[in-house]
Amino acid sequence: MLEKAFYGDKKYWSWVIFLLVLIGIGSGAYIYQLKHGLMVTGMGRDVSWGFYIAQFTYFVGVAASAVMLVMPLYLHNYKKFESMVTLGEFMAVAAVIICLGFIIVDLGQPQRLFNVLLHPTPHSILFYDMIVLNGYLLINILVAWNNLHAEYKRAPHPKWVKPLVYLSIPWAFSIHTVTAFLYQGLPARHYWLTAIMAARFLASAFCSGPAILILLCLILKKVAKYDPGKEAIQTLAKIITYAMIANVFFFFLEVFTAFYSNIPAHKATLIYLFKGLQGHGALVGWMWIMAISAIISLIILIPPKFRNNQELLVVALILLILATWIDKGLGLVVGGFIPNPFDHVTEYAPTIYELLIAMMVYSIGLLVLTVLWKVTVAVKREIGAIPK
Amino acid sequence: MDNKRRNLLKAMAISAALGLTGIPVEAKASYLPEVGKYLKSKKEPRAKQWGMVIDTRKFKTKEDFERVIEACNRAHNIPEGIPNKKQEIKWIFEEDFLGAFPNQENPFLAERFENREVLVLCNHCEHPPCVRVCPTKATFKRPDGIVMMDFHRCIGCRYCMAACPYGSRSFNFRDPAPFVKHKNPDFPTRMRGVVEKCLFCYERLKLGEMPACVEASNGAIIFGDLMDPNSEIRKVLRENYTIRRKVELGTEPCVYYII
Amino acid sequence: MYDKEKIIPGLVIFFFLLTFPFWYNLGQASYEPPKPQLPTKEKECVEGLEWMRANHMELLNAWRNEVVRKDYAYYRNEKGKVYLMSLQRTCMKCHTSREKFCKRCHDKFGVRPYCWDCHIAPEEVSNGQ
Numbered sequence: 011m012l013e014k015a016f017y018g019d020k021k022y023w024s025w026v027i028f029l030l031v032l033i034g035i036g037s038g039a040y041i042y043q044l045k046h047g048l049m050v051t052g053m054g055r056d057v058s059w060g061f062y063i064a065q066f067t068y069f070v071g072v073a074a075s076a077v078m079l080v081m082p083l084y085l086h087n088y089k090k091f092e093s094m095v096t097l098g099e100f101m102a103v104a105a106v107i108i109c110l111g112f113i114i115v116d117l118g119q120p121q122r123l124f125n126v127l128l129h130p131t132p133h134s135i136l137f138y139d140m141i142v143l144n145g146y147l148l149i150n151i152l153v154a155w156n157n158l159h160a161e162y163k164r165a166p167h168p169k170w171v172k173p174l175v176y177l178s179i180p181w182a183f184s185i186h187t188v189t190a191f192l193y194q195g196l197p198a199r200h201y202w203l204t205a206i207m208a209a210r211f212l213a214s215a216f217c218s219g220p221a222i223l224i225l226l227c228l229i230l231k232k233v234a235k236y237d238p239g240k241e242a243i244q245t246l247a248k249i250i251t252y253a254m255i256a257n258v259f260f261f262f263l264e265v266f267t268a269f270y271s272n273i274p275a276h277k278a279t280l281i282y283l284f285k286g287l288q289g290h291g292a293l294v295g296w297m298w299i300m301a302i303s304a305i306i307s308l309i310i311l312i313p314p315k316f317r318n319n320q321e322l323l324v325v326a327l328i329l330l331i332l333a334t335w336i337d338k339g340l341g342l343v344v345g346g347f348i349p350n351p352f353d354h355v356t357e358y359a360p361t362i363y364e365l366l367i368a369m370m371v372y373s374i375g376l377l378v379l380t381v382l383w384k385v386t387v388a389v390k391r392e393i394g395a396i397p398k
Numbered sequence: 008m009d010n011k012r013r014n015l016l017k018a019m020a021i022s023a024a025l026g027l028t029g030i031p032v033e034a035k036a037s038y039l040p041e042v043g044k045y046l047k048s049k050k051e052p053r054a055k056q057w058g059m060v061i062d063t064r065k066f067k068t069k070e071d072f073e074r075v076i077e078a079c080n081r082a083h084n085i086p087e088g089i090p091n092k093k094q095e096i097k098w099i100f101e102e103d104f105l106g107a108f109p110n111q112e113n114p115f116l117a118e119r120f121e122n123r124e125v126l127v128l129c130n131h132c133e134h135p136p137c138v139r140v141c142p143t144k145a146t147f148k149r150p151d152g153i154v155m156m157d158f159h160r161c162i163g164c165r166y167c168m169a170a171c172p173y174g175s176r177s178f179n180f181r182d183p184a185p186f187v188k189h190k191n192p193d194f195p196t197r198m199r200g201v202v203e204k205c206l207f208c209y210e211r212l213k214l215g216e217m218p219a220c221v222e223a224s225n226g227a228i229i230f231g232d233l234m235d236p237n238s239e240i241r242k243v244l245r246e247n248y249t250i251r252r253k254v255e256l257g258t259e260p261c262v263y264y265i266i
Numbered sequence: 003m004y005d006k007e008k009i010i011p012g013l014v015i016f017f018f019l020l021t022f023p024f025w026y027n028l029g030q031a032s033y034e035p036p037k038p039q040l041p042t043k044e045k046e047c048v049e050g051l052e053w054m055r056a057n058h059m060e061l062l063n064a065w066r067n068e069v070v071r072k073d074y075a076y077y078r079n080e081k082g083k084v085y086l087m088s089l090q091r092t093c094m095k096c097h098t099s100r101e102k103f104c105k106r107c108h109d110k111f112g113v114r115p116y117c118w119d120c121h122i123a124p125e126e127v128s129n130g131q
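So the protein lines, in turn, are chains W, R and Y.
With the first sequence counted from 1, adding 10 to any position gets you this note's numbering.
With the second sequence counted from 1, adding 7 to any position gets you this note's numbering.
With the third sequence counted from 1, adding 2 to any position gets you this note's numbering.
Please keep in mind that the hints were generated in silico from the structure rather than gathered at the bench.
Even for Gly, the Cβ is constructed at its ideal location relative to N, Cα and C.
Be aware that a few hints might be false.
To be verified - Here are some, though not all, of the chain W residues that point toward chain R, as calculated from beta-carbon distances under 8 Å:
| # | residue |
| --- | --- |
| 1 | D56 |
| 2 | L117 |
| 3 | Q119 |
| 4 | H129 |
| 5 | L136 |
| 6 | L196 |
| 7 | P351 |
Model the full assembly from the supplied sequences, consistent with the hints where possible.
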C-alpha cells in the first residue's frame, strides 16, 4: 500500500519537496546544535526546559485525541466516524513521531538515549512516558495499517486488531496522564504542583487534537476531494466544544485557588504570565491573546447555529488551537520555571535555532502525515468508499 | 503461502530465537575483566548520611564567601566566565537571604541579613526529588547519603533540574573546557550536555580529606555524619538553632544554617 | 538483458566502490605497527601487556563503574599490587602523554574514545592555562 504515496500530482509533489526543503534547513540548524551544544537555545540554568519540551507536551495531547474518534465508533457504534478514524489514527502516529523528535532534539547527550532502556528506572515518570508513548505509536500503526490493508483487500477487519483497538482507548488517556505526571509530581514548581494538571491536559488534548484533525480534514477535502462527511465533522465539533468548556473551566479553577487562597507561591506564576513580575512580562501579551481567543472560540462553538456553519467553525477552531497552543506550548513549561527557586525572574525566549529545529521536527511529522494520508485516500478511493 | 515456505520460515524463526538466547550470556562474560579485585578506601570515613552546617554568622566579608567558592571551583574545574550568564555553572554560590529562604518572608528582616548573602549548594536531601525523577539513575543516592552524579550515564534530559527545589543544579549548555581557568589534574572536567552539581567532594572523602569548601571556610562550615550522635556536627546542631531550606517540601535537606 | 545501458555501468560503479579500500592505498607505505612511547618510571602496568592491549577499555569501564557508582577506591591485580582506580591520577602518572601514548595507537586504528572530552590529559596541565 505504501507505493501509493509515490503516485501524486504536481501539487502533492510540490508539497512533499517543500517539506523536504524545510527538513533540510532545520537539519542544518540541528547539526549546528549538535556541534555547539544546547547553548544555541534560549534555555538556561533557571528555565531549563523551553520550546522543545513545550511542543512535546502539546503534541502528546494531539496524539491522544485519536481516542475521541475511536471511542464513539467502537464503543458506541457511531458509524459516521468510520471515514475519519483511520485519518485520526494516522494523525496520532505523526503526532507521536513529532513528540519523540522533540525529546531527541532537547537532549544534551542524544547518543546516550539508549540508557533509558538499558537502565530501567521504575520510580521515574520519564521511564513510563517512554513506554506509553512508544506503545501508543506501535498500537496506532498496527491498528490503522492493518484495518486499512484489510479494507484494501475488500476483507473484514482482522479479528486480532479489535483487542488492540480497545487497548488504545485507555492507553490514549494514559499517555497524556503520564505526561501530566511528569509535571504535577515535582515539589519544586508550584505552578505545576496541582492535581488538576492531568485533567487539564486531557481536556486541552481532547479539544485541540480533534480541532487540528478537522482543519486537516477540511484541507484534505480541498486538495484530495476526500469528504469525511458533514455529520462526522459536526459531531466531532460537539465533542470539541465540551472539551474546550472543561479546559477553560479547569483553568478558572486554577485561577480561583491561586487568588482566593492568596498564597504568594501559588499566585506568582499567574501574576507573571498575565501581569508581569519584578519588571518582567514577556508573555503577558501572549496570555491575553490566549484568553481572548479561548473566549471567542467558545462564543462561536457553543451555539449550534454558529458551530454548524463551516466558515465560522474554521475560525473558532483556529482560535482554539491558538489558545491551547499558547497555554500548553508557551505558558505551561516556561511558567513553571518562573519565578525560579530563589524567587527571582529569569525570562526565556526561543532562539532562531530552536525555531528552525522545531520547524524540522514539525516538517518530519507533516511528511509522515502526508504519506500516510495519501495512502489512506488512495485506498479509500480505490475501494469506492469516497462519496464523490 | 506455500506450506514448505511457511515451514522453512518457522524453522528459521525458532532457531534464531534459540540462537539469540545465547548472546547475553556470552556478552556478559567477556565484558567484565576476570582479573583483579576491588577494594574500598580505608582512609574514607564511614557515614550513614553526610551533612553540613553553615554558620552564616561567620560569613561577614566578601572575602569569606569568595575563598570558599574559589576553593570548590578550583578543585573541580568549574568553568568561569561563560558569556551567557543565564547558562553559568555553579556548584556553591551566594544568594540573598530571602532568595535562599523564600518561606521566611519577613517585612522587618533583621538588619544583619538585609544586605548579606547566604551560601547555597546542593542539600543532598534524604528524599531527593532529583533522584526520584532521573530516568537513567545517572543521579542516585549513595549509601553514605551523598546524592551522586554519574556523568557517563547522564543523557542531559534536565528532568533533575526541573525537580530540584533549590536551584542547585547546572547544565553544560556548551563545552566547558575553554572556560576552565586552572585545570586541576586530579579531577576531570565535564563535557557539554550533562548536568552537574556539588558532590560533597566524594573524591576527597575517599582519601580521608574534608570537602574543599569546608577546609577553606576556616571553621565556618562543619561537615560530618548526621546519623552519628557523637559527631561534631551533631554537637553543633544540639547547641545552635538551625534552619533548612524549604523544609515544607518533605525533601529533608542535609545542609543546616545557623542564623 | 533488459536495460543493459543502465545495468552494466551500474555494476561497474558498484565494483569500483566495493573494491575502493583495496586499491586506494596501493603504492603507499606498508603497514607499520604503532609505536606508543612507553613509560620510563615503571616497568609493569596494572595488568600484563597483551591483556591490557585487548582489555584496557573494559578495565577502564569497570573502574569507572566501581568508583562512581559503588564507591570503591583501589584495585588489586593478580600479583597483589594495589592501584588507585583513576585515569588521571594512576594511568596518566606513568603514561604521561596522551599524544605520545594513547593517540599513537588510537589514531592508527581510527578509534576516537571520548575520555578526553572530560578527563584532562597531562599535556593540558603542563601546557599551562
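Quick rundown of the hints versus the structure:
1. D56: Holds, about 7 Å.
2. L117: holds, 5 Å
3. Q119: Check passed: Cβ of Q119/W comes within 4 Å of chain R, closer than 8 Å.
4. H129: Holds. Min distance 5 Å.
5. L136: holds, 4 Å
6. L196: holds, 5 Å
7. P351: Holds: closest Cβ of chain R sits about 4 Å from P351/W, inside 8 Å.
The earlier numbered hints are all upheld by this structure, with none contradicted.
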